[in-house]
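Model the placement of chains S and H on the given structure of chain P, informed by the hints.
Line by line, the protein sequences give chains P, S and H.
Its first residue numbered -14, the first sequence is counted upward by one per residue in our numbering.
Its first residue numbered 57, the second sequence is counted upward by one per residue in our numbering.
Its first residue numbered 16, the third sequence is counted upward by one per residue in our numbering.
No wet-lab data here; the hints were simulated from the structure.
You may find that some hints are simply not true.
Computed cross-link-like contacts, EDC-like style, restricted to lysine to aspartate or glutamate with a CA-CA straight-line distance of at most 16 Å [what the hints assert, rightly or not]:
| no. | chain 1 | residue 1 | chain 2 | residue 2 |
| --- | --- | --- | --- | --- |
| 1 | S | Lys194 | H | Asp91 |
| 2 | S | Lys194 | P | Asp228 |
| 3 | S | Lys189 | P | Asp228 |
| 4 | H | Lys235 | H | Glu323 |
| 5 | S | Lys194 | P | Glu193 |
| 6 | P | Lys109 | H | Asp61 |
| 7 | S | Lys145 | P | Glu302 |
| 8 | P | Lys194 | H | Glu71 |
| 9 | S | Lys193 | P | Glu193 |
| 10 | S | Lys193 | H | Glu78 |
| 11 | S | Lys194 | H | Glu273 |
| 12 | S | Lys194 | H | Glu78 |
| 13 | S | Lys194 | H | Asp272 |
| 14 | S | Lys189 | P | Glu299 |
| 15 | S | Lys145 | P | Glu273 |
| 16 | S | Lys193 | H | Glu278 |
| 17 | S | Lys145 | P | Glu177 |
| 18 | P | Lys50 | H | Glu308 |
| 19 | P | Lys171 | P | Glu272 |
| 20 | S | Lys193 | H | Asp272 |
| 21 | S | Lys145 | P | Glu272 |
| 22 | S | Lys193 | P | Asp228 |
| 23 | P | Lys109 | H | Asp151 |
| 24 | H | Lys307 | P | Asp51 |
| 25 | S | Lys193 | H | Glu273 |
| 26 | P | Lys109 | H | Asp59 |
| 27 | S | Lys194 | H | Glu278 |
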Amino acid sequence: MNVTAKLRETIRELFSADKVDVFLAWEEGSLPMSSTPLFITDGAQADRAIFDPRCGNNLSVYFTKDSRQFRGKRVGIAVKGCDARSLVLNIQENQVLRDMVVIVGVPCNGVIDGKKIRRRTGGKQVTEVMENGDSVTLKGPEFSITLDRSEVLSSSCLRCVHPDATEYDVFLGEARAEVGNENRRKALDEVEALSSAQRWERTRKEYEKCIRCYACRNVCPSCYCSECFVDQNDPQWIGGTCDVTDTVIFHLIRNLHVAGRCVECGACARACPMDIDLLLLNLKTAEEIKKRFGDTAGIRIDGRPVMAEFREDEKQEFIMG
Amino acid sequence: MSEWQPRILAILCNWCSYAGADLAGVSRIQYPPNIRVVRVPCSGRVDPLFILKSLQAGFDGVLVSGCHPGDCHYISGNYVARRRFAILKPLLEFVGIEPDRVQFSWISAGEGERFATVVTKVVEDVRKLGPSKRIVKKA
Amino acid sequence: MYRLDKGRFDEFIRLLGREYRTYAPVRTAGRTGFAIVDSAGMIDTDVLVTDMSPKEIFFPPSETLFRYGRNGIKTDEVPERPIAVWGIRSCDVRSLSMLDRVFGSAVQMPEDDRFKDPYWNHRYGSSLLFGSACIDPSPTCFCNWFGGGPFNKDGMDVFTVDAGEYYLLEPVSGKGQEFIGGLACLAPAGESELDLVSAIAAEAASRMPEEEDLKEAGRKLSDIFDEPVWSELSAKCVNCGACTFCCPTCHCFDIQDESQGSEGRRVRIWDSCMFPIFTREASGHNPRALSKERVRQRIMHKYSYSLENYGEFLCTGCGRCVLVCPVNLDIRDVLRRLLHYRAEGKCNG
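Pulled out of the complex, with its shape left as it was, chain P reads as follows (with noise of 0.2 Å):
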């Protein structure tokens, strides 16, 4: 039985059982290799969901959005490794109850970013996409290509480390402890070589794209201030343009507000229409973390954001001596 048959499976036994109010998988999208959140209600419903790796959407992000739609029902989720890392996060900052909500953990080999399909093909209309193996054949009325998989990745898959959820009720599978991944250090590497002058360059031309759409905001499910600072404007802390000290800035802002917080889901630089490398400050930060403090976001269920808390011998060879 493949992903998406067990999963329909589980979804029909959950609300047969009354487990759930409501759940939250993905569903055949609109266009080529897309997918779109399903809100299932009924079990009845259960076959129009689908895993596969086109099913990028981070659905954790739906306990925390403004409108807070599930609060007070029993919600059952199915979630990829770093899906599951953002609801144990949510649940360590007591925006999930535990208790109300049913785990689904998704086996996942990384899912695909149909930004980078289009960018292959150049924009050319893609009917058909077919896996096989490591490579992945894109078709078109006129044309086929057949390109590497990781050409097609999500850049937080090739950076993954870890693919399954750590914290759930149901497994799909086999669920998979955390792996070696060189991609993270190398993608570091590279701007690490660079002189600071260089590094501000490379920083100025990827930031200057920004458009301030928020797209990276609102995906992500680490982001959920009730008024983001952005938002502010009384005072107003930082300026709305286009202007590359104004995107740097909320860029920086914003990883530091999810420091610690960031599950590299990769929510964030797939929403980007400007195809920024979102991803690579939040890597820099989650290293950074790591080295010093040994903690990583959303794997422990009891833990608590690394950012709230402290160790009074901590290294501090940054203070002036």
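Leaving out everything else, chains S and H in the frame of chain P:
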């Protein structure tokens, strides 16, 4: 023609570094006049946004100073601040903002001498870097 | 109809550049948008719908309106050469005509200049638009729902067709005729070339999706304003502004003052009805506090209010929002669902 002088914002905790600055003053200890002081109730009050906003507005450097570990007026404000600064500094360096432009120190109310030394050091570090250009808004 | 051999395309672009600041689709690190070009080599001639719409040429994401200080108010100097755009698609040209009704010369109240936007007018009023026929419409194209089509020429100055070895140029406006009339790099097109164009046009038209009947859209949408369907439809929207910022017709903006000391500037920046702060009042009350209300506003504005205000839809079917939506909330599905709501829903009547 006078030579370029760095402008530095010093964000000081009310209970220690601000009093330290006061002590340096009343003790007539000389330190460079390049700093403008903002008093905050605790180093834990310092949002990294304050630091970035200062740089954006054209300050050439920012010094944040609070109480020594264990001495926080509010028990743990400086510990939380320390974690924040611990990740802010490498992040700024990563994106290409010169690390010496943003500095942190612990100065108690009794350390007038130390306040002068720290300010002198920060001013000299920033002077070496020259005027800040990267994250300054010139719209 | 004129023929422009691709061998002479660069010459043409350089000629255009003498009189105009010429914008064309450009690809940078895989991403496409309109940028100033000075040679044909810089242009991406393959891209159909650019990631960012050409709206940003005429209505930039952030622009300085004026600067102020102790010595009074002054505006930035504006470039004298007018704007030309090469390779703009029919949907985008039509969206600019629509925006002109909001900002520019087409503002209703022709006798009153106070409501015309000088920043927009300066750019758009003297522009020269070389529209480009869509040979190969994409699956996200639905301009035919709104009276458009891959070979629609509305609002263009010159209509161009990529015919393989050469471009065919057809002047649409007097301004267009004036510019291309005497150019040495153009040759009159012959009978066979015109036949080719009709063949390409027929092929392109056949690729368009089935049309949706939007005749009664305005009324149908107002009728269901209070129905629960809006909550269902908006449930998965995360209220980011990607759709509105990539949209060629969305034109809401915010005006902010940026002051430092005694100097400052007033800037206009894009805003979005998706953001809660867009409607939040000084008292703290927000008339569109819920996601449902904001999604409904966007749909109503595009497909209902705009009909009352301007007599046309505020959507040209370019499909950008379909592509960028992070949760794949496809506006075509939303519209179909809403327009058929009465017929299939429980409120049938």
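Does H/Asp91 sit within 16 Å of S/Lys194, going by the straight-line distance between their CA atoms?
holds (14 Å)
Between S/Lys193 and H/Glu278, is the straight-line Cα distance small enough, at 16 Å or below?
Cα-Cα ~13 Å, so holds.
Take a quick look at whether S/Lys193 and P/Asp228 sit within 16 Å of each other, Cα to Cα.
Satisfied, since the Cα-Cα distance of roughly 8 Å is no more than 16 Å.
Pair hint outcome, S/Lys193 versus H/Glu273 [Cα-Cα no greater than 16 Å]:
holds (11 Å)
16 Å Cα cutoff - pair S/Lys145, P/Glu177:
holds (14 Å)
Quickly compare the C-alpha distance for S/Lys194 and H/Glu273 to 16 Å and report which way the hint goes.
Holds, at about 11 Å.
Has the given pair, P/Lys109 with H/Asp59, been kept, meaning a C-alpha gap of at most 16 Å?
holds (13 Å)
Next pair to validate is H/Lys235 with H/Glu323; report whether the Cα-Cα distance is within 16 Å.
holds (13 Å)
Does P/Glu273 lie within 16 Å of S/Lys145 when you go C-alpha to C-alpha?
Measuring from Cα to Cα gives roughly 10 Å; hence the hint holds.
Within 16 Å, alpha carbon to alpha carbon, are S/Lys193 and H/Glu78?
Holds, because 14 Å separates the two Cα atoms, which is no more than 16 Å.
Proposed proximity, H/Asp151 with P/Lys109 (alpha carbon, max 16 Å):
holds (9 Å)
Taken at face value, is the distance from the CA of H/Glu78 to the CA of S/Lys194 at most 16 Å?
holds (13 Å)
Checked against the numbered hints above, the structure violates only hint 14.
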